[in-house]
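A.B. asks: Here the protein sequences line up with chains A and B, keeping their order.
Using this note's numbering, read the first sequence as starting at 1220 and increasing by one per residue.
Using this note's numbering, read the second sequence as starting at 1220 and increasing by one per residue.
Hints listed in this document are in silico derivations from the structure and should not be mistaken for laboratory results.
There could be a bad hint or two in this list.
Copies of the same chain look alike in the list, so a pair counts if it fits in one copy or across any two.
[Stated by the list, open to error] Quick list of in silico lysine-lysine cross-link-like pairs, DSSO-like style, CA-CA up to 30 angstroms:
1. LYS1760 to LYS1491
2. LYS1298 to LYS1324
3. LYS1294 to LYS1407
A quick note: this is a predicted structure, and the numbers were derived from the prediction, not measured.
For reference, the chains in residue letters:
Protein chains: 2
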Amino acid sequence: MSGKPNILFIMCDQLRWDYLSCAGHPHLHTPNIDRLAAGGVRFDRAFVQSPMCGPSRMSFYTGRYVGSHGATYNKFPIKVGEPNLGDHLRALGMRTVLVGKTHMKADAEGMARLGIDPESEIGVRVAECGFEPWERDDGLHPDGPYDPDPAYDAYLRAQGYNDPNPWQNIANSAEGDDGEILSGWLLKNSNLPARIREEDSETPYMTRRAIDFMEAAGGHPWCVHLSYIKPHWPYIVPAPYHAMYGPEHFLPVNRSDRELEDQHPLLAAYRKHRVSRAFSRDEVRDVVLAGYMGLIKQIDDQMGVLMDYLERSGQAGNTVVVFTSDHGDYLGDHWLGEKEMMHEESVRIPLIIRDPRPEADASRGTVSAALVEAIDLAPTFVEMAGGAPLGHVLEGRSLGPLLRGESGDTSFRDYAISEYDYSMREARTMLGLSHRDSRIWMIREQRWKYVYCEGMRPMLWDLDADPGEHIDLGADPAYHGVRDRMQAALFAWLRRPSQRTTVPDAAFDPPATHGDELAAGILIGYWDEADVIEERERHAKMAADRVRQQEETDP
Amino acid sequence: MSGKPNILFIMCDQLRWDYLSCAGHPHLHTPNIDRLAAGGVRFDRAFVQSPMCGPSRMSFYTGRYVGSHGATYNKFPIKVGEPNLGDHLRALGMRTVLVGKTHMKADAEGMARLGIDPESEIGVRVAECGFEPWERDDGLHPDGPYDPDPAYDAYLRAQGYNDPNPWQNIANSAEGDDGEILSGWLLKNSNLPARIREEDSETPYMTRRAIDFMEAAGGHPWCVHLSYIKPHWPYIVPAPYHAMYGPEHFLPVNRSDRELEDQHPLLAAYRKHRVSRAFSRDEVRDVVLAGYMGLIKQIDDQMGVLMDYLERSGQAGNTVVVFTSDHGDYLGDHWLGEKEMMHEESVRIPLIIRDPRPEADASRGTVSAALVEAIDLAPTFVEMAGGAPLGHVLEGRSLGPLLRGESGDTSFRDYAISEYDYSMREARTMLGLSHRDSRIWMIREQRWKYVYCEGMRPMLWDLDADPGEHIDLGADPAYHGVRDRMQAALFAWLRRPSQRTTVPDAAFDPPATHGDELAAGILIGYWDEADVIEERERHAKMAADRVRQQEETDP
Chain A
1220 MSGKPNILFI MCDQLRWDYL SCAGHPHLHT PNIDRLAAGG VRFDRAFVQS PMCGPSRMSF
1280 YTGRYVGSHG ATYNKFPIKV GEPNLGDHLR ALGMRTVLVG KTHMKADAEG MARLGIDPES
1340 EIGVRVAECG FEPWERDDGL HPDGPYDPDP AYDAYLRAQG YNDPNPWQNI ANSAEGDDGE
1400 ILSGWLLKNS NLPARIREED SETPYMTRRA IDFMEAAGGH PWCVHLSYIK PHWPYIVPAP
1460 YHAMYGPEHF LPVNRSDREL EDQHPLLAAY RKHRVSRAFS RDEVRDVVLA GYMGLIKQID
1520 DQMGVLMDYL ERSGQAGNTV VVFTSDHGDY LGDHWLGEKE MMHEESVRIP LIIRDPRPEA
1580 DASRGTVSAA LVEAIDLAPT FVEMAGGAPL GHVLEGRSLG PLLRGESGDT SFRDYAISEY
1640 DYSMREARTM LGLSHRDSRI WMIREQRWKY VYCEGMRPML WDLDADPGEH IDLGADPAYH
1700 GVRDRMQAAL FAWLRRPSQR TTVPDAAFDP PATHGDELAA GILIGYWDEA DVIEERERHA
1760 KMAADRVRQQ EETDP
Chain B
1220 MSGKPNILFI MCDQLRWDYL SCAGHPHLHT PNIDRLAAGG VRFDRAFVQS PMCGPSRMSF
1280 YTGRYVGSHG ATYNKFPIKV GEPNLGDHLR ALGMRTVLVG KTHMKADAEG MARLGIDPES
1340 EIGVRVAECG FEPWERDDGL HPDGPYDPDP AYDAYLRAQG YNDPNPWQNI ANSAEGDDGE
1400 ILSGWLLKNS NLPARIREED SETPYMTRRA IDFMEAAGGH PWCVHLSYIK PHWPYIVPAP
1460 YHAMYGPEHF LPVNRSDREL EDQHPLLAAY RKHRVSRAFS RDEVRDVVLA GYMGLIKQID
1520 DQMGVLMDYL ERSGQAGNTV VVFTSDHGDY LGDHWLGEKE MMHEESVRIP LIIRDPRPEA
1580 DASRGTVSAA LVEAIDLAPT FVEMAGGAPL GHVLEGRSLG PLLRGESGDT SFRDYAISEY
1640 DYSMREARTM LGLSHRDSRI WMIREQRWKY VYCEGMRPML WDLDADPGEH IDLGADPAYH
1700 GVRDRMQAAL FAWLRRPSQR TTVPDAAFDP PATHGDELAA GILIGYWDEA DVIEERERHA
1760 KMAADRVRQQ EETDP
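One chain only, chain A, in its complex shape:
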């Protein structure tokens, strides 16, 4: 048995940060997730690198900003050479296994260019962003160009569900009085029970598939990415979860008429999207949130199943559990639906880490207000696996110092970054922008949130004075200085050497003296032999000085 812990890396899809009782939800009780938080750290200010499944996940899986890995939208393939978490952990002796969703699209053209057979072991891994697929399921299987026959469909058929598309018509539909199928795609059906036995629905199924792997793994160290496809739409859940919540249990809608005055052109365009118009109607929220909350409650119960399994199988003491989400869901807040923009409802995620090892006792049961990014998980996992920091590749920071109580919350990071590319969205068409210019960047400090919008004025919120983000100060002359400072931060961030990923930090230490060139016989700027002798002596002296300093500091 290796000394390194296993890592159970659980991700929900579209779970807002604030729909958990440990995060303050007064009516949605999530005792199992709360128990996880009580045994670890709940990171209260965690942000995704992009409020959209694909780019957000590629950042989780590579530990790199979206602008660095380039997969800026769903189904934009990530470049074939981009190193990922699986590569790093495998090099440290850990199997890195997928159960559920990645939203990965392989760079088939790049693979062909490099002669990588998609059916080979490496090819399969490259096509799964570094994961060894135990069960891959991106969670959308309508009749159409999506995967028409996932393993889950075979499972459902084996359970006796007879349907050409059991994912859609059984797991994600309800039934009318006369047996007619009521599609879960339609929001009006969100508070009806899915026509499936609860234990056969997607969340319990994926939980069992993860347990299957953990049972089969033997003593080999692993990182399992258990990636649930809910509470993402279709918003529909089987009984009894469909009937647990009503409007009296929702958080009040976070929107005001003020937001519609002098609104930012990009938000105005997004508010015209069908989904925003739908969620701005109370009748829609009243039905959909029942389904959304039921899906979360079901996930919490499955967390109980998982945690019980870890205890029962004796693995709890050697398994770090991470619980998070790939982005939030507006649910009508700010007159918006879905995600994509930069309000907290969209970019802020739940993040809980329970590290059972004694060195994490210092932080157990605490809530961290540090500004944490999704890309921090990859370096955290690499550190847990005993690896050296890969600062030339991984752009996040290990959360280890926070887990061990070695870093203060406010000193951890000055600002979190999120990016979004809306080139494939109707808002871009409405605004008449080029696909190169339809991009935004968020800089989020503890107090201020600034959003740089290509071709438009920025957005700005004062989160201390206006935690609900109703008052956009992006055009207010009084806040010129704040905006300049935030823009300077973005400019600095853009200058980072994000593509210099083949040269480890150690290559720069000690700093150059050009002695290596001299030693290699490369003589640049030497007039005669005397110059060479003089320089050799200078380098010999520097080397001797280094040795002496080394001996003095490290006797």
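Take the given structure of chain A and dock chain B to it, following the hints.
C.D. replies: For chain B alone, kept in the frame of chain A given last:
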């Protein structure tokens, strides 16, 4: 025989833009290169993407900025997945062949990660930045860790030169009165004749190797990168070239005492480098420039050999000839040696393109003042090979419109960019900077040149008032506005979507209406069946409108 022209892509190493008679040098007559210019276009304002061999070449070979491909310094491997010119031209049916230097270092770790065998056909190509190596020779073979036995050494031995290191001791050394070896590495020996027959020296040898390929190619379309390793140091040339030039033939040294007053801290550090101190001495220049100019004269004579071969073999009418360099050489100008900083002597290069096809007649014999970048060659070649623009990968612009007289010089580009990472240089050590911060960016308009220096004030020159770049306005309060404007240009450039390389521009056209989601059965934000019907009707109407518009514009 294919309709596409062959491309002979000739690069010198460290050839300044102004050491050619067609560029105005009064004493260094280069009639063969001038003849090339007279038959094509001489681009008078062409710039490298980085004033250093490795990063500059990786930009030439990928058509991407240095910050995009990430190989920011010599021997920093370029990432394994980075697409290159060879990939693009091969896909269009052209062999892309290397004769000479690339300064490429393969990403061995990345290749291993992806299971690419370095001995395989693809592995060899990946390790050569996409070129099929006909002859690879990076031109530095001292006793030490460099390639100790290039094919050139075998050639020399076959000619009867008996030496354990013929590259160093025969081709790049002179001989004293008593037969002792006088190393070409030492600047004092630069005006002595190399102890080799002229026809066996590196420049004629590489010319013949290129001709060997062109003879062997048959009718298959090709792009040959003939990449000379001179006039780069060791600055030494065989007779008679060693004795053709003396101080009376040099351009006057371009430096003033004014440059040493209130000098920029980075330039101050660079002026302390050994090579800068050496070239600031007149006795050094007086000797070295004789060798440097002799090497250029030898290249010009070899251009004559090459052009005669193309004529004689009937290929001149079907071969586009490109002549350029990977960066310049300070030669003591501005109290500096080598390259690396952003003065014209370092970043500006000769660039001549002779396209024999009739469509280029409009520009034949002209001089273009357009701001041209090294990365413009890759898209130019792709266009010549009949390929569609690869705007999502290639960051340069095809020079085709300039060659065809379709674009005005001033409208071609507002500013040229060059970048440099001096993390491996002694200047960084002197300044005590982190290896992440030791970087600079140039924005060069027709009039102004601005250099953003991480952690320091910028540099600024007014090229109209001060073409010699003696007066750095980077700290002058009067030029605040110019600096702000230039910094804004850098900020805008940094925001480009440089890593979104897997999604072609056509994917964004027509702009999104979300109709594709609807068609795929992904229903986001639909309350009921009526919503779906309404949306289907809206999309049907938009599709019909598009067809009608298409018919009206294209009957």
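A.B. asks: Hints first: check each against the structure and report whether it holds.
C.D. replies: Verification of the hints:
no. : hint               : result
1   : LYS1760 to LYS1491 : between (71 angstroms within a copy, 19 angstroms between copies)
2   : LYS1298 to LYS1324 : both (10 angstroms within a copy, 20 angstroms between copies)
3   : LYS1294 to LYS1407 : within (29 angstroms within a copy, 61 angstroms between copies)
The structure shown violates none of the earlier numbered hints.
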